[in-house]
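Engineer: With chain L's structure known, arrange chain B on it following the hints.
Here is how the chains run, residue by residue.
2 protein chains.
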Amino acid sequence: SFEDFRNDKERRDFVACATAGGVAAAFGAPIGGVFFALEEGASFMTLKLTWRCFFCAIGTALTGYLLLSVLPPEFVNQLSFLDPFPNSGPLYEQKDLSIFAVMGVLGGLLGAAFNQMNRRLTVFRLAHVTTPRKKMLELMSLTTLMAVLSFGLPFAGRCRSRPQLDTTTGIYSYASTLRPFLCAGDDSYNELASLYLQSWDDSLRILFHLPMHLQSGEPVFSTAALLCFFCPYFFMAFMTFGASVPFGLFIPSLLSGAALGRVVGQALHPLGGFAEPGVYALVMASAVLGGMCRMTISLALILLEATGNMNLLLPLSISLFLSRWVGNAFNESIYQMHIHLRKIPFLEPQCPQEARVSDLRVCEIMATEPLCLHPVDQVGRIYELLAATAHHCFPLREDDCTVFGTISRDILCSLLFLKAFSGEKSESVLRDTSAAVVTPVLPYEKVEQFFPHFPSIATICLTESEKISWIDLRPYCDTAPYLVTESTAVPRAYRLFRNLGLRHLLVISRNGHLSGILTRHDLEEEHLMASLAHSPMLLSRKVWKITKDALMRQEDGELDSYHSHESPSVSPSMP
Amino acid sequence: SFEDFRNDKERRDFVACATAGGVAAAFGAPIGGVFFALEEGASFMTLKLTWRCFFCAIGTALTGYLLLSVLPPEFVNQLSFLDPFPNSGPLYEQKDLSIFAVMGVLGGLLGAAFNQMNRRLTVFRLAHVTTPRKKMLELMSLTTLMAVLSFGLPFAGRCRSRPQLDTTTGIYSYASTLRPFLCAGDDSYNELASLYLQSWDDSLRILFHLPMHLQSGEPVFSTAALLCFFCPYFFMAFMTFGASVPFGLFIPSLLSGAALGRVVGQALHPLGGFAEPGVYALVMASAVLGGMCRMTISLALILLEATGNMNLLLPLSISLFLSRWVGNAFNESIYQMHIHLRKIPFLEPQCPQEARVSDLRVCEIMATEPLCLHPVDQVGRIYELLAATAHHCFPLREDDCTVFGTISRDILCSLLFLKAFSGEKSESVLRDTSAAVVTPVLPYEKVEQFFPHFPSIATICLTESEKISWIDLRPYCDTAPYLVTESTAVPRAYRLFRNLGLRHLLVISRNGHLSGILTRHDLEEEHLMASLAHSPMLLSRKVWKITKDALMRQEDGELDSYHSHESPSVSPSMP
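Residue numbers (the numbering used here), protein chains in the order written: chain L, 1 to 575; chain B, 1 to 575.
There's no promise every hint is true.
Unchecked claim - So the derived list for chain B, only partly shown, Cβ under 8 Å to chain L, looks like this: (1) 48; (2) 58; (3) 61; (4) 63; (5) 66; (6) 67; (7) 71; (8) 84; (9) 127; (10) 297; (11) 305; (12) 313; (13) 489; (14) 492; (15) 511; (16) 515.
Calculated from the structure, these hints are not laboratory results. Note that the Cβ used here is the ideal one computed from N, Cα and C, for glycine as well.
So that you can see chain L by itself, here it is in the shape it has in the complex (with noise of 0.2 Å):
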């Protein structure tokens, strides 16, 4: 039945799968596109959500496949947004590797430098492109400027001369393209309308296809040219990223990589004997792609998917490898810079190196007296505490301090929206939790047909007389949450909310008693610095930790407290 997809969980797994389907429909890379799901999308990832990634990506394909065989080529001419490299013969040599390993790092660079400057302006953006009124002004003149710069170049290409070509091979497909615009007649084309004037997937085919020369003498695209075009176009992405509508970033950053890459092999054949402009035009294509978002895997798949060559995978990899960690080395992937600086409490895979390093504890960086609940609770306390926070959790604690469950506020608001007060009841008896006969008042059916959209605590209205009832929480709650003790190394308790999806996490003592809960919030890097600069004990704990925490990873790999409860005073020399 499809009651089981009713939940948070199975929300977030659809979304990865259809993250792949939507990979996999748009460049014709089903693998590439589970593994974009994967890398990018999903928080954690597990074999059964890359079956379904998989299965999805599958499905897609398949619909293509049969659609492009029943529609007539008018609507689909085919699934990949790129045309397949030939793979009769070896397309690149051994000493282009090299070459490639330099474009990797340019590419780096180049990304380092986008990502540097777009997050300027994204943090000008946020201040003060705030209203709806800036927004459109701001789209209104990036529009402007992106037509009149694809508008206006053309008029300044050159005309060459277009050669008579066999009309049965490949090539003179990708030159009938070549836009004459403004020049005479159908034997010459315009360089830069040729580039500018075309929908993005020829422009592509063009830069990635056609041979050096059409003819003997000039190649298809003066340097000029390429550089004419290349400069506007990654000005223009660094421009738009960011901005109020998506604009994209894959397709304007492929466009002005292939186009320099094309430069550089245009350079490189005079000297006879390198690969064809158009491998380098790829390459490079992906390294400057991928010195913005900084993905390996995904990127190199979806590229040889649409390229449908796998001898491409030993260029791409190389040069993606080195794109990813040149720029690494100046600052995080664009998509990373974006989440942080729109403070959205993302996790990444590794906990930040300084609480690793230093001996930071759970208890130094959580909320001490967290806002709880007692399993029969009054009404009108619960309606207050929900009016009063946005929390998402709520811890139920009994009158021994110690934890009883915990319970969401989504279900603590349907129970008040549809008054499932057990009010007639005295205190009393309703107080005396160990009674062992606990009936719920609402089936799960009744609380759970909200989903996914809970009534808010503003659409609740509740009596005087109401809010004086009682209400017994203990059906609906979890009774056994995910939990730690205080003593517990930050990296362990990153590595539950990272591998295990929570949003909160109990903090007990070692009798039992809560003594606070932790959020994503509180293992962001900004709040794990605060409390690293705040906690001058460290320091001293520091010196044994960083020749000794690896003892305890052997335990499951993850570094711990090799020794917890040294006090501060305790001298790192031998006894």
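Structural biologist: Then chain B, alone, in the frame of chain L:
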């Protein structure tokens, strides 16, 4: 420094990386290798591990590529075990997809039958072939059988005439490997000798790449010859898998599947317009192997990379999905089967269905009264505990029954071996664990020096006076182990083990007292089923559970206690 690699987690990661590199080298499939390591090898997957595997696989591919261009062709001629299928035109038509689906179902049935037969054989083998002598005898007979079949059958093969072919075409190079064997001169070839008396990769190439006919008239291989190759190979694969020496599964099943696929392709060819038999051979080979090992993504990727043609993704995915589904309807994969038969505590990605549907709790499956140590304990007691059990980890319990931490067998053995006793202090001082200052007797480097081969308890000799001295375990223990409460649902504990790669998990009562310990063995399907059978109370809980278990999943995507405190007597009807 390399110190960071000296722990069990890194060792496991290294094995996964090496797996990826090995598949990359053996099959020329780096990305397939990465997915193989993740799908079959890694117990839990992370992005970091994926990157490491990818780096390793690309390093392999790069080394291979460079060797290929340096060494003379006698040593290495190509990296992939298959040749590329040309990507210039379509390899199959729409109607072929339904044939591929049928092949997937057939492969699933064959694989399930193979696994079932091999299971019986393995049970027999584990029971009877136990001594080295018997193992040697088994291997000798298997080898003899294989040799007789492989060399005997070609004597029964028919001779066929070999046509004159253009020596520049690709087909010529395949046709030239057809073996004359006892036939008159180079103008003819022996069908069965051409399949049997080859290296396995040449046999696969012939089956995949030779067209239906070399000349008009009869096909390259008769159906009888192909079946005379399929049946013995399938039989031999069944006989040898699981023997004392690894014979391999991939190659025999690919070879027999390819022969069967060619039979189908040759049968369909007269009907006109279908794909070449080589494509059917590839799809059927994947279906037969997929039916045995139930891999989808990794197998599709390995074959895609080996054949270098992305257009084959759809046929391979369809056949692999179907062979997996059909096979799983009958039994588990051959790898899982052997893991279970050999009683290795490997946890499947998903908690067994029974524990998810029933409301099984951790306290119902855990080992109660675990063997504990005191934070400061007597050497003799530690020695006896280590000698009497094989446990990997021991909880440290305070006098008030709360958990102080855990300590591993390896570290205890090291401490005893190194005689790290703090014996000179009096018992009363040592036993006062509230004392803040604890100085470790040995530094980290000393305790860790034995990794990964820590001293076994049998190698440790202690004098009587040493046995009555005391040892302070606090500096060496993990003071914040992972723990759960008694009422935790089993699927949640399962998820902790699986997602964090745990070997043991402490169970505490609500007030922090240690009440039990969970290990991987407690979470195996057999043990869970036994616990279910012994918990009659569960039946009444189950009624609630089935309709209501989804509510708490909204919290963190895991089935949990909607209603954990009801007594078994609660009626499921509404009040």
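Engineer: Next, verify each hint and record whether it holds.
Structural biologist: Checked hints:
1. Annotation: interface hint on residue 48 (chain B) holds; nearest CB of chain L at approximately 6 Å, less than 8 Å.
2. Annotation: interface hint on residue 58 (chain B) holds; nearest CB of chain L at approximately 4 Å, less than 8 Å.
3. Because the smallest distance between the Cβ of residue 61 (chain B) and any Cβ of chain L comes to about 6 Å, under 8 Å, the interface hint for this residue holds.
4. A cut of 8 Å between beta carbons decides the hint on residue 63 (chain B): the least distance to chain L is about 11 Å, and the hint is violated.
5. With a least beta-carbon distance of about 7 Å to chain L, the hint placing residue 66 (chain B) at the interface is held under the 8 Å criterion.
6. Interface restraint check for residue 67 (chain B): the shortest CB-CB distance to chain L comes to about 11 Å, outside 8 Å, so the restraint is violated.
7. Using the Cβ-Cβ criterion of 8 Å, the hint placing residue 71 (chain B) at the interface with chain L is not satisfied: the shortest such distance is roughly 12 Å.
8. The beta carbon of residue 84 (chain B) comes within 5 Å of a beta carbon in chain L, closer than 8 Å, and the hint placing it at the interface holds.
9. Given hint, residue 127 (chain B) at the interface with chain L, is violated; its Cβ is 33 Å from that chain's nearest Cβ, farther than 8 Å.
10. With a cut of 8 Å, the hint placing residue 297 (chain B) at the interface with chain L holds, because the nearest CB-to-CB distance is about 5 Å.
11. Hint status for residue 305 (chain B): holds, given a least beta-carbon distance of 5 Å to chain L, under 8 Å.
12. At a threshold of 8 Å, the smallest CB-CB gap from residue 313 (chain B) to chain L is about 6 Å, leaving the interface hint in force.
13. Hint on residue 489 (chain B) holds. Least Cβ distance to chain L is approximately 7 Å, under the 8 Å limit.
14. Proximity of residue 492 (chain B) to chain L holds as hinted, the smallest CB-CB distance being about 7 Å (cut-off 8 Å).
15. The beta carbon of residue 511 (chain B) comes within 4 Å of a beta carbon in chain L, closer than 8 Å, and the hint placing it at the interface holds.
16. A distance limit of 8 Å between C-beta atoms decides the matter here; for residue 515 (chain B) the minimum to chain L is near 11 Å, and the interface restraint is violated.
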